[in-house]
Amino acid sequence: MALASVQAFQFGEDGKLARDSCLAVHFVFGLLLGVYSACTVLSDEIKNGTASFVLSKPVSREIFFLSKFFGITIVVILFSACAIAASLLGEHASPKLYSSEVLPLAALLCAVVAALVVAGCANYFFDRPFPSTAFTLLLVFMAAAVAMVAALHDPESGRRIHEGRIFMVNTSIQWRLIPAGLLVTMALITLSGVALALAGILDTIPVLIASASLFFAGLLSDYIFGYLGSGSMVAEIGRLFLPNWQYFWLADALTSKGTISASYLVSAAAYAICFLSAILAIGMLLFRHQETK
Amino acid sequence: MMKQTDLTVEVEGLTKVFRDFWMRPRIVAVDGISFKIARGEVFGLLGPNGSGKSTTLKMLLGLLYPTGGRISILGRPPQDGYARAITGYMPEESYLYKYLTARETLMFYASLFNTTAAQRTERVEQLLEMMGLQHSADRRVGEFSKGMTRKVALAQALINDPELLILDEPTSGLDPVACRQVKDLVITLAKRGKTIILASHLLADVEDICSKIAILYDGRVHVEGTVSEMLQDHKHLSITLDSVEPAVLESVLADIKRHTGRRPEVRHPAYTLEDFFVDVVARARNTEATLPAGGQHGTIASFLSHGTEDRASGSQGRRQ
Amino acid sequence: MRKILAIAGLTIRNSIRSRIFTPSVVLVLLATSAFPLILIGDGTIQGHVRVMIDYSIRVLTYSLVASTVWTAVRTSTAEIEERQMWLLITKPVTTTDIWFGKWLGVLAMNACLLFVAGTALLATVKLRFRPSKLTAQELHVLSTEILVARSTIEPDCSELQEEARQLTEAILSRPGGRTSSREATLASAQSEIEKKRNRVAPGDSREWRFHVDKTSSADRSLFVSFNISSPRQLEMKPLTVEWHAGTQQNRLLQSYRDDIFPSERNSFLLSSSISRAGKDILVEYVNAQTNPPSTVLFHDKTGVSILQNTASFESNLVRAMMIIFCQLALFAALGLTIGSLFSMPVAVFVSFAVILIFMLGGFISMTVAENNSLSYHPFPSIRWLDPFVRAEFRIFNAILAPVRHWGITANLPRGEVIPWSEVATAFAIQVVALSGLTGIVGAWLLKKRELGAPCEV
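Here the protein sequences come in this chain order: A, S and D. Residues in the first sequence are numbered from 131 upward in steps of one, following our numbering. Residues in the second sequence are numbered from 2 upward in steps of one, following our numbering. Residues in the third sequence are numbered from 105 upward in steps of one, following our numbering.
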């Protein structure tokens, strides 16, 4: 996200490349995180035999499966919160009108460094586990950085004066990035559900490859099914089973000060929930018959 | 006084302190232990959980680096190529490649030593037969039961006919017949002049085969010495004789009472459960046609046992 | 060597049996056979084939980079975490043997995958564009301009350089002329003269001289390739072009006149008499656009060149696969080394972060080339960082320069030759030097690591 602040190309509009880059990094790394988590919490547990310990207790397979999903969802949501905060700051710091804001970039980098330093101190003095402490602090400090940058921006004046010279200033924080980030989060949760469903029956590598293939196929689904023709039965069935990730990728909608409406968010959420319900049901069915060590 | 040339392993002032990320000392796992193991000795390393046995073994193998002290294996440090070439190691858990077959596993480890292809093939086949795995040789190790993987782990430790064999819980997961075979093997190897270091919680096994033991607690050696010296109860006597007439027995007991003032206790000596089990299985094997799941155990591989008279079978070869 | 080969064999066997290799094969086949079939071009045979090959190579490269890094990381971290490394390291093998054995194993699998990929891509292209599906014209274009490997001959610019040098001397000798360095003034002068010459007004002409090796050109077709801009392209209308080609003795051996769309790169075949004639070929463009007249601008670096068929598409494809192989070898080395240091998910993320930095190589080299600095930053308080930041970028650029070789695979869809010298350079730098260095570091890290230490909870 910090790289967005050093980009010079704009694609004809201030901040567009920064927005697209931030959302793309959020999507790709969130995909890696969600899919890998699904493999670790289910596939590896089945392979290592630890799932048997839990399933030998009075815990149904369905509850076990769903609890894994909710755990992954929380991780994805927390990651996305961090990513959205970083996107807001990164986009705000990206060069516009031949100048750039130092404050948001400094706030972003300081938040990261501070989280690591404080977590290190907590580990040194209080034996707190470093990874979980650092992640929690990162969330807190990123939120604080966003709040601080928003508070320090002067919406009345269009100028900044420094050392007696007047400079052009950037616009305020692009809060409209938040709905775009929320859409990406919904896509990541859906993908994680797919990965979890597959992890119940497949090993880590096949799950990773299948999820990645599904991701790319979903991105190209409009093109693929359009290629097959509008009346094609294969296309109709394909649209039913292959999620269209383009519903969740609306970076282009933010061009020229565009926004994403609340109603679109609700309909995208409904699409995600419907698809998730189906995929989780299939996942539970597959897991029910899976042998564990 | 042991000559330097008689010593296989020499450990002096060995210390291991585990530190955290900030390099602060956290756990003193081993604290200044010293011992010497001569050629042909079977050395038992005992101690409760967390006493430092595994840490000591890992340092002997070069898997951990000592914080202090010195280790010498035939005059070389543990990481030295020669030291590794003459050492065989069987870990507590069988950390094998689950996608390789038993034969492929042994062939792979054999290829890491300076052996010819013919030697490798011969040794692998002998070890498979010795472990009773000849019928499962082409199955993947991941499909094996725990006992079968332990046998493969032991086989790979023996593939190079090592001078020094380090066994961590070697009988864990093995059935009593296989346990007996492992113990007989250890005794055979010791008679050939090989040195064996054995770490185990099964005290009966240690008592059966070890010539010398060290008991660790909290990272220190508390007791070290030969088994026979340490376990003998010099305050009492036991006399073994064949069954006699009750009248003769009564006369002997009365005589002893007259001299000592106390009538001694009389009871029949008992076989151990292990002896009894092995006997039953041996008799059943002779009458039944089918093989058990783990296969029939063969004789000790010739490349391991050549130069000795002993051949392990049944209850023979146990340490007295 | 036996030990390294044994470990390599083990790596290959484990990867195949643990079902890492098979999904990679499927991915490769999808990238080179299924994916290209759903692509459509710009309506022309050239556009279609070029898009198909270009996208397939890109998807293949990215897929293989991801799977190579994953496999390499997994190979080392899995053995350390599952402790198979204990049984390996206690044998008389060095960590160098272990590292290079695993690396060779990954390379062997990559070589197989690239062989499958190259074969599948070639088969897909041949099948998709088989003669029965094309017109005679399309078939001719395919065989002479697209599925070929052509080297580029740039025009002679000695005259231009001499003119620029004279202009530079004139500028520098003027009073107050020494405001910039000699090199900067020369570069600026050269650029100005080139721009002026590349602008051809209506009715004017412009000539280029090419030095061609007679012996190599005798049996090979030569094409004049040109890239121009014109106001006509804004109106989406064709532009009339007129070319004369010849030698020093006879400047008018061939004339070519056509209506073309200026936004595309165009070319025409030189007659065989010119190809066989001599060392120097003269090519003249005459601005024949009259209705309405239009100034034509030749692009600075890619304005005019002569393309010479030097090799077949198949051999060019082999070289492209070898370039990708060299790149994958470096990423495998990185993955193995990072896997020696970190545990599984961390190692994968660190590896991909390193790859991301590699991909920023173009931005970093551009920043260095344009000599960007913080001198003009609105906040002078941070300008003192300028020398450090510029030095840092230069160091990054130097490190990443050898890795940028893989950009040369873009020559394949353009029908431009990938020279063997590039393959040899990529092999020497990426496989031997960089991977070797990475291997030494990786083996050292593995040796330093206490493999028997308890896992952190």
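Since the hints were made in silico from the structure, they are not lab data. Quick caveat, the model's predicted, so the values are computed rather than measured. The beta carbon of each residue, even a glycine, is placed where N, CA and C say it ideally should be. Treat each hint with caution, since some may be false.
Footprint (simulated), chain D over chain S, 3 or more residues, beta carbon under 8 Å [to be verified]:
id, segment
1, 98-112
2, 133-139
Simulated restraints, written as ranges between beta carbons of each label pair [said to hold, decoys possible]:
id, chain 1, residue 1, chain 2, residue 2, range
3, S, Ala-205, D, Ala-557, 50 to 58 Å
4, A, Arg-306, D, Thr-223, 29 to 37 Å
5, D, Gln-270, A, Tyr-353, 37 to 45 Å
6, D, Met-340, A, Leu-415, 42 to 50 Å
7, S, Ser-35, A, Val-189, 46 to 54 Å
8, D, Met-340, A, Tyr-353, 19 to 27 Å
9, A, Ser-186, S, Glu-13, 45 to 53 Å
10, D, Ala-557, A, Leu-415, 55 to 63 Å
11, A, Val-189, S, Gly-33, 35 to 43 Å
12, D, Val-450, S, Pro-78, 53 to 61 Å
With a straight-line cut-off of 27 Å between C-alpha atoms, the simulated DSSO-like cross-links for lysine-lysine are [said to hold, decoys possible]:
id, chain 1, residue 1, chain 2, residue 2
13, D, Lys-107, D, Lys-405
14, S, Lys-37, S, Lys-99
15, D, Lys-383, D, Lys-405
16, D, Lys-551, S, Lys-99
17, D, Lys-405, D, Lys-341
18, A, Lys-187, S, Lys-147
19, A, Lys-177, S, Lys-99
20, A, Lys-177, A, Lys-187
21, S, Lys-147, A, Lys-177
22, D, Lys-107, S, Lys-99
Hint-by-hint comparison with the structure:
1. 98-112: holds (count 7)
2. 133-139: The restraint on the segment 133-139 of chain S is violated, since only 0 of its residues have a Cβ under 8 Å from chain D and three are required.
3. Ala-205(S) / Ala-557(D): 50 to 58 Å: Given a distance of about 32 Å, which is not inside 50 to 58 Å, the answer is violated.
4. Arg-306(A) / Thr-223(D): 29 to 37 Å: Check failed, 49 Å falls outside 29 to 37 Å.
5. Gln-270(D) / Tyr-353(A): 37 to 45 Å: Hint violated: Cβ distance 56 Å, outside 37 to 45 Å.
6. Met-340(D) / Leu-415(A): 42 to 50 Å: Violated, since Met-340(D) and Leu-415(A) (Cβ atoms, about 56 Å apart) do not stay within the stated range.
7. Ser-35(S) / Val-189(A): 46 to 54 Å: holds (51 Å)
8. Met-340(D) / Tyr-353(A): 19 to 27 Å: holds (25 Å)
9. Ser-186(A) / Glu-13(S): 45 to 53 Å: At 49 Å between Cβs, range holds.
10. Ala-557(D) / Leu-415(A): 55 to 63 Å: violated (43 Å)
11. Val-189(A) / Gly-33(S): 35 to 43 Å: Once the Cβ atoms are compared, 49 Å apart, the range 35 to 43 Å for Gly-33(S) and Val-189(A) is violated.
12. Val-450(D) / Pro-78(S): 53 to 61 Å: violated (32 Å)
13. Lys-107(D) / Lys-405(D): violated (52 Å)
14. Lys-37(S) / Lys-99(S): The hint is violated at about 37 Å.
15. Lys-383(D) / Lys-405(D): holds (23 Å)
16. Lys-551(D) / Lys-99(S): Cα-Cα ~25 Å, so holds.
17. Lys-405(D) / Lys-341(D): Status holds; Cα separation ~25 Å.
18. Lys-187(A) / Lys-147(S): holds (24 Å)
19. Lys-177(A) / Lys-99(S): holds (12 Å)
20. Lys-177(A) / Lys-187(A): The given pair, whose Cα atoms are some 18 Å apart, holds under the 27 Å limit.
21. Lys-147(S) / Lys-177(A): Cα-Cα ~16 Å, so holds.
22. Lys-107(D) / Lys-99(S): OK: Lys-107(D) and Lys-99(S) at ~20 Å, within 27 Å.
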